[in-house]
Amino acid sequence: MSGAPSVLYDAPGPKAKARNLVYSLIFAAVLVLIAYLVIDKLAEKNQLTGDKWRPFAEGGTWTTFILPGLGYTLLIAVLSIVIALPVGAFFGIARLSDHKAVRTLAGIVVEFFRAIPVLILMIFANEFYSEYTDVDSDNRVLFAAVTGLVLYNASVLAEVVRAGILSLPKGQTEAASALGLRKTQTMTNVLLPQAVAAMLPAIVSQLVVILKDTALAGGALSVPDLLRSANVISGNFGNTIPVYIVIGVIYVVLNFILTSFASWLQKRMSRRKKAPKGAQPLLDAPSQITTTTGAGGTGTL
Amino acid sequence: MFDFLGEYDILGAFWMTIQLAVLSAVGSLIWGTILAGMRVSPVPIMRGFGTAYVNVVRNTPLTVLIFFCSIGLASTLNFNLAATDSPSFIVDNNFRLAVLGFVLYTSTFVCESLRSGINTVPVGQAEAARALGLGFTQVLRIIVLPQAFRSVIAPLASVLIALIKNTTVASVIGVAEASLLMSEMIENESDAIILVFAVFALGFVLLTLPVGLLLGWVAKKVAVKR
Chain A
1 MSGAPSVLYD
11 APGPKAKARN
21 LVYSLIFAAV
31 LVLIAYLVID
41 KLAEKNQLTG
51 DKWRPFAEGG
61 TWTTFILPGL
71 GYTLLIAVLS
81 IVIALPVGAF
91 FGIARLSDHK
101 AVRTLAGIVV
111 EFFRAIPVLI
121 LMIFANEFYS
131 EYTDVDSDNR
141 VLFAAVTGLV
151 LYNASVLAEV
161 VRAGILSLPK
171 GQTEAASALG
181 LRKTQTMTNV
191 LLPQAVAAML
201 PAIVSQLVVI
211 LKDTALAGGA
221 LSVPDLLRSA
231 NVISGNFGNT
241 IPVYIVIGVI
251 YVVLNFILTS
261 FASWLQKRMS
271 RRKKAPKGAQ
281 PLLDAPSQIT
291 TTTGAGGTGT
301 L
Chain B
1 MFDFLGEYDI
11 LGAFWMTIQL
21 AVLSAVGSLI
31 WGTILAGMRV
41 SPVPIMRGFG
51 TAYVNVVRNT
61 PLTVLIFFCS
71 IGLASTLNFN
81 LAATDSPSFI
91 VDNNFRLAVL
101 GFVLYTSTFV
111 CESLRSGINT
121 VPVGQAEAAR
131 ALGLGFTQVL
141 RIIVLPQAFR
151 SVIAPLASVL
161 IALIKNTTVA
171 SVIGVAEASL
181 LMSEMIENES
191 DAIILVFAVF
201 ALGFVLLTLP
211 VGLLLGWVAK
221 KVAVKR
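Chains as they are written, first to last, in full-length UniProt numbering: chain A, 1 to 301; chain B, 1 to 226.
Take these hints with a grain of salt, some might be off.
[To be verified] Sample of chain B residues at the chain A side, in silico, Cβ under 7 Å:
no.	residue
1	Pro42
2	Val43
3	Leu77
4	Ile193
No lab work stands behind these hints, which were simulated from the structure alone.
Computed from a prediction, not measured in an experiment: that's the story for all the values here.
A virtual CB, placed ideally from N, CA and C, is assigned to each residue, including glycine.
Based on the provided sequences and hints, a complete structural model is requested.
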């Protein structure tokens, strides 16, 4: 929200100012009342006493539970994005192929994996590895989590890459072929670098999705990630609410940093490249809604 | 080889998925619209609350929210959404807690879509409305939101599709929807896991594909021509 008054209302006059103040007070009173009810309930259930919070002041809790869990969460997220990016780029390019068979096949694969919930993919991958491979069970859940995330996010990223390449001016391809570049050279030397640069904000936003989805692995496959370590801590100390608040804050802070980084990148990119023609947004437009076609829906949830 | 499929209530599981999705969608639409109204309102504290809510909840993993609703709200704080003495208490309570979690989470995306839709309404519309003497709520309700809704049907369809897929997360608190049945079947019928996966994958494709196509068509149909 910028400093200028919104289109929806004028700069307030004295009467409107007084009215807004009344609304503010009423709303604040409601918020305070809710906060009071919550705190009262928490206190009644002994969730606010010092010893429920004490574990978080001790280094042991962090080094034994939270940090290893966080490490696992980050490991899954980083592995998934590192594998999903090239796979996604491959399928995105394949969907733009000159050969109809390649195009159709890549399209089917991408739309299929975008339409299926990540959790279903993870559960299936877990059972598949246990049935057909001899990965030991500790690594199996990790493999399954990464497999599920890669299949889903690679197909989302494929759409991102495809949209990125399609958004480039036609002259780029024409100039490249005038220079005598082959199709592969045009793609790898001219189109792809520009598309990836333009799509960098969308790719960073996708990291947020992956980071949030890693919690599925902790919830359903018992990967020892941040969420799982929360359950272990609350089992040890009986401090469910404080634990969820603490790990919730960790997730929110991590994702908020990524989201802010993505929108900073977006601003930077759009400053360097002239913004596309069209209506200027009135408020700061949320940059979250991207690729919206097909059964997969948005990749940002 | 398809015989064993009849032993499981696959349709029932998908019916549960559909119920979760529909109830959560309605709830998210209502709460998301209220949040969007707060975020564009002239009252600073409402804007602040809307912004804080959206940023915090959107960045929390859905799984954490669902666990929090079940373990935090229900088990620890005894905040139950069903009558404790009813015979189907556990099933009802988990179902309603899951819907609560989905509404809390999905409404942030509804809110952000709507807010971007509000941005597509030309300034002149609101100015003209104000010149007619309409107040903020009237401008929002009569002039801006109807146009905004029509322009965000496609993004809202994406949110709905994501919600349908997200309902699988309810399985972590034991709601008997499709993914829970799949993990049960995949364990019992370990020689046919690919077939089981194919059945459930097809189920989700059948749920999401028509929604995308239908709402895509509606979005084109009702788009505000400018």
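Worksheet entry | Restraint satisfaction for Ile193(B) [CB to CB of chain A, less than 7 Å] | holds, 5 Å
Fill in: Restraint satisfaction for Pro42(B) [CB to CB of chain A, less than 7 Å]
holds, 5 Å
Discussion item. Hint Leu77(B) vs chain A: min CB-CB distance below 7 Å?
Written reply: Holds. Min distance 6 Å.
Worksheet item: Taking 7 Å as the limit, does the beta-carbon of Val43(B) come near enough to a beta-carbon in chain A?
Response: Where the cut-off is 7 Å and the nearest Cβ of chain A is about 5 Å from Val43(B), the hint holds.
Hint compliance for this structure: every hint is met.
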